[in-house]
Amino acid sequence: MRNLVRRVALAGAVAIIGLAGFAVANSAAAQDQNCSVWLVESSRFMKVPMGAFMPDRAFIPGSTDPKHNINTVDLPVNVGVIKCGSDLILADSGWKQQEYHKMTGTEHWAPLPDQLKVLGFDANNVTKIVIGHGHWDHAGQLSDFPNAVIYIQREELNGIEWALNYPNPKIAAVNTSPGGCMRTPACGYPPLTVGEIYGKVLSGKAVIVDGEAEILPGVKIHPAFRGHTAGSQLLEVPTSIGKLVFGSDTYSSWEGIRDWMAANIQQTDTVQQFLAYEKCYKITGGYQNCMSAHEPLTYTDGYPITKNSWVALNGGRMAEIALAAGEKSHKPQ
Amino acid sequence: MVVPHFRTVALSAIIAALLAIVGLALQRELPRHAGPAPVTAVKTEPQQNALSPDEEAYAAALWPIHSEVVEVAAVDMSFAGIAYVTEHHDRRRLEEKVTALHDRFRTAADQARSMPVPASMGKVHDQYLEALALYETASAEMVKVATDGKVEHLIEAQTMSQRAAEDLLKVGDVLWPGEYKPN
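The listed protein sequences correspond, in order, to chains A and B.
Quick note on numbering: numbering that gives the first Met the number 0 labels position 93 of the first sequence as 92, and the sequence is numbered without any gaps.
Quick note on numbering: numbering that gives the first Met the number 0 labels position 166 of the second sequence as 165, and the sequence is numbered without any gaps.
Heads up, none of these hints are tricks.
For lysine-lysine, the following DSSO-like pairs were computed, each having C-alpha atoms within a straight-line distance of at most 27 Å: (1) A:K242 with A:K306; (2) A:K116 with A:K242; (3) B:K169 with A:K169; (4) A:K204 with B:K143; (5) B:K169 with A:K46; (6) B:K149 with A:K204.
Quick look at which bits of chain A chain B covers, simulated, 3 or more residues with Cβ under 8 Å: (7) 160 to 168; (8) 187 to 193.
Example chain A residues on the side facing chain B (calculated, C-beta under 10 Å, incomplete): (9) L156; (10) N174; (11) I196; (12) V200; (13) L201.
Keep in mind the hints are simulated off the structure, nothing from the lab.
A virtual CB, placed ideally from N, CA and C, is assigned to each residue, including glycine.
So here's chain B without its partners, still in its complex pose (with noise of 0.2 Å):
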C-alpha cells in the first residue's frame, strides 16, 4: 500500500477547505430562486400615468355629474334603507324616496351617456356607465318593497349597490387619484 506524503495530503486539506469556503460564499451572495416572496415584503405601487388634456377635459366634465348627483344619491340610498329598517317603516315613504333616487341615477346615466368621450377612456366610462346602471337596478329592486314588504329586495338591492360603489372606486382612481384624503 503506498502511503501518501504529508505535504501532498495537507495540500488537498487545505484545497478542499477553500473550495468550501469559496462554495459557502456563492451560496449565500448568489440570488436565491426559493419560491413565492415572504409576506412581509413591501409592495410596490405601481406609477400612475398623467391624464392627457383631452382625458383631464373629460374627468372634470364627468366630476360634477359624479361627485353632486351620483355619490350623493348612491349614500341617500342607503340612508333610505337604514331609516325605512330602524325608523319609519313607512313602505309608501321608502317607494317615494327611492323613486326619486332611481329618476337621479337614470337622468345622471343619460348625461354621461352623451358627453364626448376620448378613445383612450371608453373602458372607464364604460365601466362607469355600468356602475349607474347598477345603482338603477338597486333602486328598482328596492321599490319592491313597497310591493311585499320583504326585506330580501333591500339586501338584493345592497349587494348591487356595494358593486356599483367599488365601480366608482376604481373610476375614481383613474380619472380624480387623490379624491380620499386622510380623515
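With the rest of the complex left out, here is chain A (with noise of 0.2 Å):
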C-alpha cells in the first residue's frame, strides 16, 4: 500500500513538473519569437519649414545654433514592415494620391505594393496593418492590401466623428482652408482615407482596439492618446536588437525624442507627446530603437538604427533594421 501511495505521489509530481515545464518552454519560444523589420520610404514632402515640424527648432537667419540653423528639411513618410514567422505586418501604411502630388508638395512617392515587391514581399501576404493614427499620409493605400486586417484605436475614430461634428467650422476634422490644415485642431482626415478604413470595417478586416492589445506573442499595440492625434497608437516589436516602437507621428521626430522637444504638433498634447516618448526609453532602455514616422535623418548615419539603407523606386529609399534568427538579408546586393 505504502509503495501504491508512493508510485501514485511520484507520478504525480511528474506530471506537475511536466506541465510546469511545458508552460515555461511555451513562454519562452513566445518570448523569443523575433521579428524581422525594414523601413520603407513610401514618399518624401520637400521643403518643409523647420519651424513647422519642430517649433523649438525654427530657422533664425545667421545663426550658427544647430537648433537653429536649418531652414527647410525633407520629410520621409516611413513605413514599418515587419515579418513575425508567417505573418507580415505593417506600422502605417502611407498614402495613395498618384495624380495629386503637387497638391502636398511630395516626390519619391511609389506604391508600396510595388516597394514590398523589392523586399521580396507580396501585398496579398500582408496579414495586419497597424495605423499608428489615421492621417491621410499615414492610413492610404488599405485596399491595396485585401488580406491585411487593419488595427485602430476606437479613440481615434471618436476623435474625428467629435470634431467631424462639432459646429464650428474652424474645428474640424477637415481642411478648413484650402492652404492646408493650418494648425486646425482635428484635421488630416479627408473622405478617401476615412473611406479605405470603412472598406475594411465592411469587409470585416478592421480590430477597433480600445487602448492595450497584443496582435501576436510580443508585438504589441500601446495607446499613445493625443500624443498626435486623439487616437494615436504605438507598435512595440521584439528583434534581435531589442525591441523597437513604431510611433507614426507621436514620434514624428527622432531627434525630438532624442532631446526632448515636440515636433508635428497640429493636434498634439506634447505632454502627451512626451509620455509616449518616455513610453519608447521604458520599453526599450534608450531612444535608440524609437522609430520614427518623418525624422529627416532617416536612412543616414544620423539615425543610426536605419543606416543600413539603399535607395529603390522613384529615388525612395529602403533600410534593413533587424532580421531574425534564420532571415537572409533583404537588402539588393
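Fit chain to chain and form the complex, with the hints in mind.
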C-alpha cells in the first residue's frame, strides 16, 4: 500500500513538473519570437519649414546654433515592414495619390505594393496593418492589401467623429483652409482615407482597439492618446537587436525623442507626446530603437538604426533594421 | 606569295587599334536608345499653371461648399456606416442619418450648379458635379439597408463613395493645391 501511494505521488509529481516545463517552454518560445524589420520611404515631403515641423527649432537667419540654422527639411513618410513568423505586418501604410503629388509638395512616391516587391514580399501576404493614427499620409493604400486586418484605436475614430460634428467649422476634421490644415485642431482626414478604413470595416478586416492589445506574441499595441491625434498608438516589436517601438507621428522626429522636443504638433498634447517618448525609453532602454515616421535623418548615419539603407523605386529609400534568426538579408546586392 | 612589309603590318595594327578605341568611345558617349527607362528614374512632376483671377474667384467660391459641406458629409457617411456595422446595427438610425446626408449632398450640388463658372474651369466643374452626383447615389444606396438589411448596399455605396472621393482630390489638385500638408 505504501509503495502504491509512493508510486502515485511520484507519478503525480512528474506530471506536474512536465506540465510546468511545457508551459515555461511555450512562454519562453513566445517571448523569444523575434521579428525581422525593414523601413520603407513611402514618399518624401520636400522643403518643409523646420519651424513648422519642430517649433523649438525654428530657423533664425544667420544663426550658427545647430538648433536654429536649418531653414527647411525633407520629411520621409516611413512605413515599417515587419515579418514575424508567417505574419507580415505594416506599421502605417503611407498614402496613395498618384495624380495629385503637386498638391502636397512631395517627391519619390512609389506604390507600397511595388516597394514590398523590392523587398521580396507580396502585398497579398500582408496580414496586419497597425495604423499609428488615421491621417491621410499614414492610413492610405489600405485597399491594396486585401488580406490585411487593420488595427485602429476606437479613440481615434471617436476623435474624428467628434471633430466632424463640432458646430464651429474652424474646429473640424477636414481642412478648413485651402492652404492646408494650418494647425486647425482636428483636420487631416479626407473622405478617401476614412472611406478606406470604412472599407476594411465592411469587409470584416478591421479590429477597433481599446487601449492595449497584443496582436502576436510580443508584438504589442500601446495607446498614445493625444500624443499626436486623439487615438494615436504605438507598436512594440521584438527583434534580435532589442525591442523596437514604432510611433507613427507621435514619434514624428527621432531627434525630438532624443532631445525631448515636441514635433509635428498640429493636434498634439505635448505632455502626452513626451509621455509617449518616455514609453519608448522604458520599453527599449533608450531612444535608439524608437522608430520615427518623419525623421529627416532617416536612412543616414545620423539616425543609426536606419543607416543600413539603399535607394529603391523612384529615388525612395529603404533600410534593413533587424533580421530574425534564419532570415537572410533582403537588401539588394 | 608576297609577304607584307613589317612597317605596313605595324601601321595597319595601329590604325585598327585606334579605330577600335574611337568606336568604344562613341559607343559610351552617344545617347542610348535601348528600351524603357529604368524604374528607378526620378519622375519629373508637371508644373502647375497658376489660376487666373476668374479661376481663383471660382475656386474661392466653391471652397466653402467643398470643405464645410461636401467633405464633412462624405466623411460623416463613412462614419454612419462604421457605427452601424460596429455598434448600433439600427437600420432606422442609419436611414435617418444618411437621409440627412443625402439632402446635404443635394443642396451642395444645387449650390454648385448655380455658381458662375469660368469657361476654362468647365471640365473641372463637371467633374465636381459628377462627384456630388455619385455621393447622392451612394447615400440613396445606403438607405436601402433600412428596407432589407443587406450589407451589400453598404458595400456598393462605399465603392461609389471612393470614386467620388478620388474625383474630389483630382478637382482639389487643380483648384486648391497644397490642400494637404504633412500630417
